[in-house]
Amino acid sequence: MRYRLLYISLISVVMTWLVACNNTTAPSAPSLVIDGWIDSDGYPVVVLTRTISPGDSKKTPVADCLVRWGKVTVSDGEREVVLTGSSNENYFPPYIYRSYEMKGEPGRTYSVTASYDGMTASSSCKMPSRPRITGVVTRKVQDSDSLCELTLNFVPAAGERFYHIVTRPYGSRGRMLPSFMGAVKADVGADTVSVPVYAPKTDTSPDDFSPYFKTGDIIEVALCTITPEVYDFWLGYDEEVAFGGNQFVTSSGNLQSNVMNGYGVWSARGVALHTVVIAP
Amino acid sequence: MSCVARRAARLLLTVGMAASGVACFAVESRDSVELREVEVVATSTRTTRIGESGALTMDASLLGRTLRSLGEADAVGYLKLLPGVSGGSDYGSGLSVQGGDYSHTLFRINGMPLFFPYHFGGIFSVVSPMHFPLVKFEKAIHDRSAPSRLGGIVDMSTRRDKLESVRGSVNIGVISSGVSVGFPLSNTVDLTVTARTSYIDRLYGKLLKGKSSAIYYNLRDVCVTAAWTPGESDRVTADFFLNSDNLKVTDDAYALGTVMKWGNVAGSVGWCHRLSHGEITNTAYYSGFNNSLTMEMPQLGIRMPSEISQLSVNGRLDLSLDRNWRLKTGYALMLNRVIPQWADVNGYSRGNAELVKEHSREAALFAEIYRRVVPSLTLSAGVRVTGYEQGSYGTVLADPSVTASLSRPWGDLMMQVASYSQTLHQVGFSEIGMSSNFWIGSDGSLPVQRALSAAVNYNRSFLDGRYTMSVDLYYKRLRGCSEYDGIILGLLDGNYQSRDNILSGKGYNYGADIMVSKNFGKLTGSAGYAYGIARRMFDDKTGWVTASSELRHSVNLWIRYNLSTHWSLSSVFTYTTGRPVTPIKAFYMVGENVFMDYGRRNSGNLPAYHRLDLSATYSWTTRKWLSLRHFINLSLLNAYGHRNVDIVGFNYDSDDNLFYRKEVTSLYRFMPSVSYSVEF
Chain W
781 MRYRLLYISL ISVVMTWLVA CNNTTAPSAP SLVIDGWIDS DGYPVVVLTR TISPGDSKKT
841 PVADCLVRWG KVTVSDGERE VVLTGSSNEN YFPPYIYRSY EMKGEPGRTY SVTASYDGMT
901 ASSSCKMPSR PRITGVVTRK VQDSDSLCEL TLNFVPAAGE RFYHIVTRPY GSRGRMLPSF
961 MGAVKADVGA DTVSVPVYAP KTDTSPDDFS PYFKTGDIIE VALCTITPEV YDFWLGYDEE
1021 VAFGGNQFVT SSGNLQSNVM NGYGVWSARG VALHTVVIAP
Chain P
10 MSCVARRAAR LLLTVGMAAS GVACFAVESR DSVELREVEV VATSTRTTRI GESGALTMDA
70 SLLGRTLRSL GEADAVGYLK LLPGVSGGSD YGSGLSVQGG DYSHTLFRIN GMPLFFPYHF
130 GGIFSVVSPM HFPLVKFEKA IHDRSAPSRL GGIVDMSTRR DKLESVRGSV NIGVISSGVS
190 VGFPLSNTVD LTVTARTSYI DRLYGKLLKG KSSAIYYNLR DVCVTAAWTP GESDRVTADF
250 FLNSDNLKVT DDAYALGTVM KWGNVAGSVG WCHRLSHGEI TNTAYYSGFN NSLTMEMPQL
310 GIRMPSEISQ LSVNGRLDLS LDRNWRLKTG YALMLNRVIP QWADVNGYSR GNAELVKEHS
370 REAALFAEIY RRVVPSLTLS AGVRVTGYEQ GSYGTVLADP SVTASLSRPW GDLMMQVASY
430 SQTLHQVGFS EIGMSSNFWI GSDGSLPVQR ALSAAVNYNR SFLDGRYTMS VDLYYKRLRG
490 CSEYDGIILG LLDGNYQSRD NILSGKGYNY GADIMVSKNF GKLTGSAGYA YGIARRMFDD
550 KTGWVTASSE LRHSVNLWIR YNLSTHWSLS SVFTYTTGRP VTPIKAFYMV GENVFMDYGR
610 RNSGNLPAYH RLDLSATYSW TTRKWLSLRH FINLSLLNAY GHRNVDIVGF NYDSDDNLFY
670 RKEVTSLYRF MPSVSYSVEF
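Chains as they are written, first to last, in our numbering: chain W, 781 to 1060; chain P, 10 to 689.
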């Protein structure tokens, strides 16, 4: 009996020791996340949130990531404007900072600084020149009467290789969302480039993802010239969105952010806009 | 048991058990009659043995009578029950031995290597135990004839005895069926043919379908072995092996289809000649492996093919010079042709990377001399010298070793300090050893992998071999270990070169394994525990990190109970520390998608993995016109349905407007199977 108790105790200690080796999360202090942009002939917009540390709870309300009382400033090297925060249901999370006092111009460098609750994050980005869209071709998807696929043809901006495609339904007051696989690198010296345009894939959409567009819809397609640092971010973004969670592929790790002391991306974009009616 | 003698005589046959657990037979003649030859043939119910060299040998076909995975006997599955041996993940395929990378482990069938001996998800290996029942497994201690690998060696082979009549087996399972037939073509030639095919989608299709995803999979493998025995001293064998696997995974939520096809094709001719005091073996083989991973989405397809093939001639002389001296020497010549992973992209105008064929050459000479200092102590020293060349890169590698073997009443002890080299690397997108990981040869930018190894093996038998204990201690210092650092979308770049995405670094593994077995009686089984540390450093920025292959603690219990002559029950319980993963420090949202902020590389672990597999076998014999032995096996994998976690992440639930923790769990949950097999 004495030995049996000893064995049970020993086994219990060993099993506790083994179980103790279990940590898939390593919570860290929250940091600011900047998801912001300023377009050529457009105004600065920043969706400012903060990171959420995984706690014991398996569920976390979205409100926990919102930053409602932060201070966000944008500078073009000569002027600095303070962005105003407001609720906006057209965005997700539904709170944004924006200003109509500064308009984007290619060639200028724009810096953003966000601060909240002792945290400060900043970034700087030069706005490249605009590309030129030569056409958007719609084609009926095989075996479907209601879906079309898009191909975008464009002439790269002089000396620029890095682009990002964003889209939204025409008339929407929300943001233009990153197109699925929307980061594009043009070959050096390419005269024209032809790339597929996919619908955005987001975790916030309740529907299964379809990369096609519905016949009859009107879609705004924006082709944005971006800097190499911003391209690296969106390429990593695309990799995670397309292949994250795939058992065949190990995660590529953290996104390469151009934000200092924070996460996300700040982008100054040279934008060419095209509106297309989806029809075969 | 049968005895064959040239002359009738009264004999006293004594059967004993050596300390190593190997049966010993002594024949004594009461009339002092000299016998020219005595042959004793015995069939043991014992399935595993540990030899004096520390190598473990097992009879996989005997093990397959009790333990089965989805109706299939699997030698590699049994190896995973050994302490210090890990399969990584239920989704993965690979065998990590004592913290080594999967590619450090060498698999051979009748002496020829297989570069990827697995079917999907590690459900079972491509090598049928019906054809290759004999498995010899060495963890860390190898002689100098061991080829260019840093880790464990798994040698699977056909039986060496001559077939006197038709022999074989048929296995009918719920996911696959196979047949193996061996028969004498003449007095000197035997032929054994084994084939297996699957129909996993038919019965398990629903289990493999998720809310929006589905998996389609089939496999087949074929083995042919011909053996020619022209005399008592010679045996010539010819082998052919082929396997082909097709896997398709669709996920509507991602609009992404993943197709993976892989297969090995191998053939060899070997000649073994017995000398009066030794043996000489020469083998020529070809072994090839190809894999194609295709990811398809609308308007875009990425096919990532890779290949490796090896042509080799090698020979070995094992000679006892006198009672105290023994020599092992030989050579190996190898030609490797490798197509590293490249991208064939459709529907995207970024240009295709070019297919590159790389050729490398390797020549090795080795010699090891053994000296029995006293009857209980043998010392050996040897060296393997390898010349390697790929393109303009060339190097000469010397791998010396010193080994001591001590056999005393308190047990057998073997110690080795040795250097090992490996000229081939295997890297890729998968951390759990999938076939998409590609092979690539060393060159100036990717140095040869080297290991300095110190290992101790101790074996002891108790109570006349009823119980055995085995203990391994090891320390291995690694240089030139490799890791892939690329991303899938990097393949779309027309300038993609696989070598640009491989990191080279260093590392070390150390640990201890212990296993205790009960070998006789109605209740048999084994209990094993392993403790291991494996660390790697690929650049100064990340510093030392835990290797993906580290398995800190593992416990395996295997029990078999013979209820009667017909019924036997077996059970396997596995408990391991969760696989090393990079922990999630935080998550955040950009562009309406949730992303993780990961912490220090592999500094966390998945939740502990544990699983109980149960199995019952009913066997009986019929002797109408052919003596047949029938087995019906019922197996239940993961009997208590534990959800072993394989991937952890965070996502957004649009219905409840919440972020939630998302866990992808193992394929195996209450996975039942039934199989019928018959041996003749």
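Treat the hints with caution; some may be incorrect.
Said to hold, decoys possible - Calculated cross-link-like contacts (lysine to aspartate or glutamate; reagent style EDC-like; alpha-carbon spacing at most 16 angstroms):
id, chain 1, residue 1, chain 2, residue 2
1, W, Lys839, P, Asp664
2, P, Lys171, P, Asp99
3, W, Lys838, P, Asp662
4, W, Lys839, P, Asp662
Calculated from the structure, these hints are not laboratory results. Quantities reported herein were computed from a predicted structural model and do not represent experimental measurements.
Hint by hint, here is what the structure shows:
As the CA atoms of Lys839 of chain W and Asp664 of chain P are separated by approximately 13 angstroms, the hinted pair is consistent with the 16 angstroms bound. Between Lys171 of chain P and Asp99 of chain P the CA atoms are separated by roughly 39 angstroms; this puts the pair beyond 16 angstroms, and the hint is violated. Distance restraint check for Lys838 of chain W and Asp662 of chain P: the Cα-Cα separation of roughly 12 angstroms lies within the 16 angstroms cut-off, and the hinted pair is therefore satisfied. Between the alpha carbons of Lys839 of chain W and Asp662 of chain P the distance comes to roughly 9 angstroms, so the proposed pair stays at or under 16 angstroms and holds.
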